[in-house]
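J.: Sequence:
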Amino acid sequence: MDNLLFYVSSAFVSLLLAWNLFACWRRQRPPEKSRP
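All letters in the sequence shown, in the order written, are residues 1 to 36 by the numbering used here.
Calculated from the structure, these hints are not laboratory results.
Treat the hints loosely; a few may be bogus.
Claimed, not checked - Label pairs and their in silico Cβ distance ranges:
| id | residue 1 | residue 2 | range |
| --- | --- | --- | --- |
| 1 | W25 | L4 | 30 to 40 Å |
| 2 | D2 | K33 | 26 to 36 Å |
| 3 | R26 | L5 | 45 to 55 Å |
| 4 | Y7 | Q28 | 29 to 39 Å |
| 5 | K33 | N3 | 24 to 34 Å |
| 6 | L4 | C24 | 24 to 34 Å |
| 7 | K33 | F12 | 31 to 41 Å |
| 8 | Q28 | V8 | 27 to 37 Å |
Just so you know, even glycine gets a beta-carbon here, dropped at the ideal spot from N, CA and C.
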């Protein structure tokens, strides 16, 4: 069970980090094409 818990925790942390990095990237480069 510990192995499964470790895997879930690692996946959750990875997803959270990826989401944070994506948000930062979007903030740095605002979508200019969205506006005509």
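J.: Is the gap between the beta carbons of K33 and N3 within 24 to 34 Å?
T.: violated (45 Å)
J.: Given a hint of 29 to 39 Å, does the C-beta separation of Y7 and Q28 actually sit inside it?
T.: holds (32 Å)
J.: I want to verify a distance hint. Is the separation of the beta carbons of L4 and C24 within 24 to 34 Å?
T.: holds (31 Å)
J.: Given a hint of 31 to 41 Å, does the C-beta separation of K33 and F12 actually sit inside it?
T.: holds (33 Å)
J.: Given a hinted range of 27 to 37 Å, is it respected by the beta-carbon distance of Q28 and V8?
T.: Cβ of Q28 to Cβ of V8: about 31 Å, so the range 27 to 37 Å holds.
J.: CB of R26 to CB of L5, is that within 45 to 55 Å?
T.: violated (32 Å)
J.: Hint says 30 to 40 Å; check whether the CB-CB distance for W25 and L4 agrees.
T.: holds (32 Å)
J.: Falls inside 26 to 36 Å, the C-beta gap from D2 to K33?
T.: violated (48 Å)
In this structure, the earlier hints numbered 2, 3, 5 are contradicted, and the remaining ones agree with it.
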